[in-house]
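Participant: Based on the hints, put chains B and C in the right spot on chain A.
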Amino acid sequence: MSNDVKTKEKVHMDPQYIIRLTVTLLITCMVVAAALGGVNAITADKIAATNWEKTVEAMKKVAPDATDFSDALPITDEMTAAAGSVTLDSVYEALANGQSVGYALKVVASGSQGKIEMMVGVDGEGTVTGVSIVKNSETAGIGSKVMNNENTAKGVGVLSQFEGKTAADGVLTVGSNVDAISGATVSTRGVTNGVSAALAVAGVMG
Amino acid sequence: MNIGRQLKEGLITQNPVLVQMLGLCSTMAITTSIMNGLGMGVSVLIILTASNVVISAIRKIVPDKIRIAMFIVVIAGFVTCVDLLLQAFVPAIAESLGVFIPLIVVNCIILGRAESFSYKNGVAGSFFDGIFQGLGYTAVLLAMCFIRELLGAGTLAGVRIIPEQFPVGVLTLPVGGFLVLGFLIAAMQWALSKSKEGK
Amino acid sequence: MTDYKNLKLIATSSPHIRGSERTQTIMLDVIIAMLPALIFACFNFGLRALCLTAVSVAGCMFFEWLYQKVMKKPSSVMDLSSVVTGMLLSFVCPVQMPYWMILIGDAFAIIIVKQLFGGIGKNFVNPALAGRAVLLASYAGTMTSWVDPAVNKAAAFGSNVDIVTAATPLAYMKGPDAAAIAASFDQLKSTYSVSNMFLGQIGGSMGEVSALLLIVGGVYLIWRKVINWQTPVAYIGTVAVLTFLFPRAGTGVEWMLYSLFGGGLMLGAFFMATDYATSPVTKKGQLIFGVGCGVFTVLIRYFGSYNEGVCYSIMVMNLFVALIDKYTKPVRFGTVKSDKKEASGK
Numbered sequence: 021m022s023n024d025v026k027t028k029e030k031v032h033m034d035p036q037y038i039i040r041l042t043v044t045l046l047i048t049c050m051v052v053a054a055a056l057g058g059v060n061a062i063t064a065d066k067i068a069a070t071n072w073e074k075t076v077e078a079m080k081k082v083a084p085d086a087t088d089f090s091d092a093l094p095i096t097d098e099m100t101a102a103a104g105s106v107t108l109d110s111v112y113e114a115l116a117n118g119q120s121v122g123y124a125l126k127v128v129a130s131g132s133q134g135k136i137e138m139m140v141g142v143d144g145e146g147t148v149t150g151v152s153i154v155k156n157s158e159t160a161g162i163g164s165k166v167m168n169n170e171n172t173a174k175g176v177g178v179l180s181q182f183e184g185k186t187a188a189d190g191v192l193t194v195g196s197n198v199d200a201i202s203g204a205t206v207s208t209r210g211v212t213n214g215v216s217a218a219l220a221v222a223g224v225m226g
Numbered sequence: 136m137n138i139g140r141q142l143k144e145g146l147i148t149q150n151p152v153l154v155q156m157l158g159l160c161s162t163m164a165i166t167t168s169i170m171n172g173l174g175m176g177v178s179v180l181i182i183l184t185a186s187n188v189v190i191s192a193i194r195k196i197v198p199d200k201i202r203i204a205m206f207i208v209v210i211a212g213f214v215t216c217v218d219l220l221l222q223a224f225v226p227a228i229a230e231s232l233g234v235f236i237p238l239i240v241v242n243c244i245i246l247g248r249a250e251s252f253s254y255k256n257g258v259a260g261s262f263f264d265g266i267f268q269g270l271g272y273t274a275v276l277l278a279m280c281f282i283r284e285l286l287g288a289g290t291l292a293g294v295r296i297i298p299e300q301f302p303v304g305v306l307t308l309p310v311g312g313f314l315v316l317g318f319l320i321a322a323m324q325w326a327l328s329k330s331k332e333g334k
Numbered sequence: 003m004t005d006y007k008n009l010k011l012i013a014t015s016s017p018h019i020r021g022s023e024r025t026q027t028i029m030l031d032v033i034i035a036m037l038p039a040l041i042f043a044c045f046n047f048g049l050r051a052l053c054l055t056a057v058s059v060a061g062c063m064f065f066e067w068l069y070q071k072v073m074k075k076p077s078s079v080m081d082l083s084s085v086v087t088g089m090l091l092s093f094v095c096p097v098q099m100p101y102w103m104i105l106i107g108d109a110f111a112i113i114i115v116k117q118l119f120g121g122i123g124k125n126f127v128n129p130a131l132a133g134r135a136v137l138l139a140s141y142a143g144t145m146t147s148w149v150d151p152a153v154n155k156a157a158a159f160g161s162n163v164d165i166v167t168a169a170t171p172l173a174y175m176k177g178p179d180a181a182a183i184a185a186s187f188d189q190l191k192s193t194y195s196v197s198n199m200f201l202g203q204i205g206g207s208m209g210e211v212s213a214l215l216l217i218v219g220g221v222y223l224i225w226r227k228v229i230n231w232q233t234p235v236a237y238i239g240t241v242a243v244l245t246f247l248f249p250r251a252g253t254g255v256e257w258m259l260y261s262l263f264g265g266g267l268m269l270g271a272f273f274m275a276t277d278y279a280t281s282p283v284t285k286k287g288q289l290i291f292g293v294g295c296g297v298f299t300v301l302i303r304y305f306g307s308y309n310e311g312v313c314y315s316i317m318v319m320n321l322f323v324a325l326i327d328k329y330t331k332p333v334r335f336g337t338v339k340s341d342k343k344e345a346s347g348k
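Protein chains in written order, with my numbering: chain A, 21 to 226; chain B, 136 to 334; chain C, 3 to 348.
Simulated from the structure, these hints should not be mistaken for lab results.
Possibly wrong hints are sitting among the right ones.
In silico EDC-like pairs for lysine to aspartate or glutamate, Cα to Cα no more than 16 Å straight-line [unchecked claim]:
hint	chain 1	residue 1	chain 2	residue 2
1	C	K191	C	E256
2	A	K74	B	E250
3	C	K286	C	D327
4	A	K135	A	D109
5	B	K200	A	D34
6	A	K155	B	E230
7	A	K155	A	E137
8	C	K124	C	D327
9	A	K74	A	D88
10	A	K66	B	E230
11	A	K74	A	E98
12	A	K155	A	E77
Footprint (simulated), chain B over chain A, 3 or more residues, beta carbon under 8 Å [what the hints assert, rightly or not]:
hint	stretch
13	41–51
14	57–63
15	66–77
All of these numbers come straight from a predicted model, not from anything done at the bench.
All C-beta atoms, glycine included, are put in the ideal place defined by N, C-alpha and C.
For reference, chain A alone in the conformation it holds in the complex (with noise of 0.2 Å):
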């Protein structure tokens, strides 16, 4: 048994044969790579186009004073730090009539069920102008409460109270500074864990 494999691949190891495999693979692989460029030019620019229709959607949601965004700003260690156990995903520079209004920082903080994806606009002055929910995945009928902002016992959007807070509040907890919806504490927290890290990431940034 293994003798009879070791002389097939004596047969199939001789040079020209290992040659054709190569070329043949690698014309393969060029004429599709050279399709996909194609396509690739065809789409690149729309693709870019949607997504930043999109980003620009959610940041309008965040900071209602601006009118433009700039790009991506650079993100950097010591920004990264400042979020602590939140991911920071991209912070843009929201403008009104050219001048800076403030920021709108994309972060990642962990729901009850897995992560949640969310826009926190915060103004010049470190106060936060508004929060909404890019991507989630709470509980239905709970969590999900949350993620669609409705009221707190107190009559006040879930996502709504963070309006107004700023870095001045002290450390935003649920229970004390932060009220969550009966049932979906979890999820309050998740929100309420990247809001705090979106203050601190602007107020490194001054």
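Facilitator: What follows is chains B and C alone, placed relative to chain A:
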């Protein structure tokens, strides 16, 4: 090759999902709405047909030893094309299908058909095989989407049929996918054995 | 002269002497054992408890009858097993849930979990628990809000949307860190005394609140030899030991008592984990099964995202039953264990 027999095999007796049990992962993952199912089904159908035709055309010049590598290169090429086109022209579907479009590369249906059919058969036969197997896959996806979207979310293609508080949400969760697929497979096997008895 | 041609020789397997026990009498005993808890539920939550149970029982019987009618199978409605499933399902649901919701749970439990796998004795997880799991996943909001029995009762008819709800004791026993758990556990102790917990004057699923009456029912079942003591004792014992050794707040004894009497532990241990079709056959197996249930319950309560772990832990252990049975199979008289045989053969 008999086209009628190929059609019957693709849709029923050799249905890729319910009989060959291929591509189960994507079947369970994306069948939460009719639009998803349609998008995924059509994508797979196009990729399967295209890769079947190409692989059948080049089958004589592909050395046996590296055929799997060649298949994957061809399939990956088509998948990436479809992925880019979807993202550019139907971003809504591209977003809701997410990672499952790129994952078509490793969908067993496509590699399975390349290995077991188009590598051994002519271009025309492979073309129809791609279409019919793709249709079989799409049909199962749509059946699952129909059940899961209607009973799990209370909507059909986004239109609300059942008032919001009633639908059995568990069907839209992964566990619902397992349940529905399991019962569809069971029903298919039952029907197949019934029709065999009848003969 | 005997008509040999038409003589029917009926060969049945042993035992040929039959006891008077039938599925029906066993199920009747289970129903009787659940009655005290049901009566208490009516006293605690209002008459809706009775109505919900009646609807659930009727639903289960109807779906069983319907499936067997449609599939042209002999009817087993009168063996009362569907009545037990219906009662158990209503016992593990919040009392103010809408009636249509429990009917969906009934349909899932009877048709999908029980009948599609072959009917009574062939289901591999407990139908009532599977029904609850489906309802919990589908209607998480309704299934996790509990009427506060000290403040108001649930209306038997109509909507209960505005009813005052309370957190279950188990919800107080969960928190993000040790300090938060300690604070909410103190709150729990001031809200409910241990005797409140034992008698069942607390929020929770309809039939799970009164530990006392569930124990009474369980003891009745053991006395009638319907169930063995192994499963419930191993289950409750494991939870008691683990919570006593690893309290998350307060003293070990306090934490243990609140863990035992809050939530569905008593109901699960006596009525759910002892289901014949989904628990091991041998007594040794039942001990292992009970310990497994206990360990999973504590793990889910401590580390899971749900407050209560009884339902899922029993369902998980249900899946291990075939394995437990395989390894606890008694050795036939006169033979040696297979691994010993192999060893001696060498």
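Participant: Hint by hint, note whether the structure agrees.
Facilitator: Structure-based check of all given hints:
The suggested pairing of C:K191 with C:E256 holds, with an alpha-carbon distance near 9 Å, which does not exceed 16 Å. Using a Cα cut-off of 16 Å, the hinted pair A:K74 and B:E250 is violated, with the two alpha carbons roughly 41 Å apart. The hinted pair formed by C:K286 and C:D327 meets the criterion: a straight-line CA distance of about 9 Å does not exceed 16 Å. Distance restraint check for A:K135 and A:D109: the Cα-Cα separation of roughly 12 Å lies within the 16 Å cut-off, and the hinted pair is therefore satisfied.
Annotation: proposed proximity of B:K200 to A:D34 holds, straight-line Cα distance about 13 Å (limit 16 Å). A C-alpha spacing of about 11 Å is found between A:K155 and B:E230, which places the hinted pair at or below 16 Å, so the restraint holds. Of the supplied pair hints, the one linking A:K155 and A:E137 holds, its CA atoms being roughly 5 Å apart against a limit of 16 Å. Our distance criterion of 16 Å between C-alpha atoms is met by C:K124 and C:D327, whose separation comes to about 15 Å.
Pair hint A:K74 plus A:D88 holds up; C-alpha atoms about 14 Å apart against a cutoff of 16 Å. The hinted pair formed by A:K66 and B:E230 meets the criterion: a straight-line CA distance of about 15 Å does not exceed 16 Å. A hinted pair counts as satisfied when its Cα atoms are at most 16 Å apart, and A:K74 with A:E98 does not qualify at roughly 28 Å. Straight-line distance between C-alpha atoms of A:K155 and A:E77 comes to about 14 Å, which keeps the hinted pair within the 16 Å bound.
Here the stretch 41–51 of chain A counts 5 residues with a CB under 8 Å from a CB of chain B, which clears the bar of 3, and the coverage holds. For the stretch 57–63 of chain A, the stated coverage by chain B holds: 4 residues have a C-beta nearer than 8 Å to a C-beta of that chain, and at least 3 were required. For the stretch 66–77 of chain A, the stated coverage by chain B is satisfied: 4 residues place a CB nearer than 8 Å to a CB of that chain, which reaches the threshold of 3.
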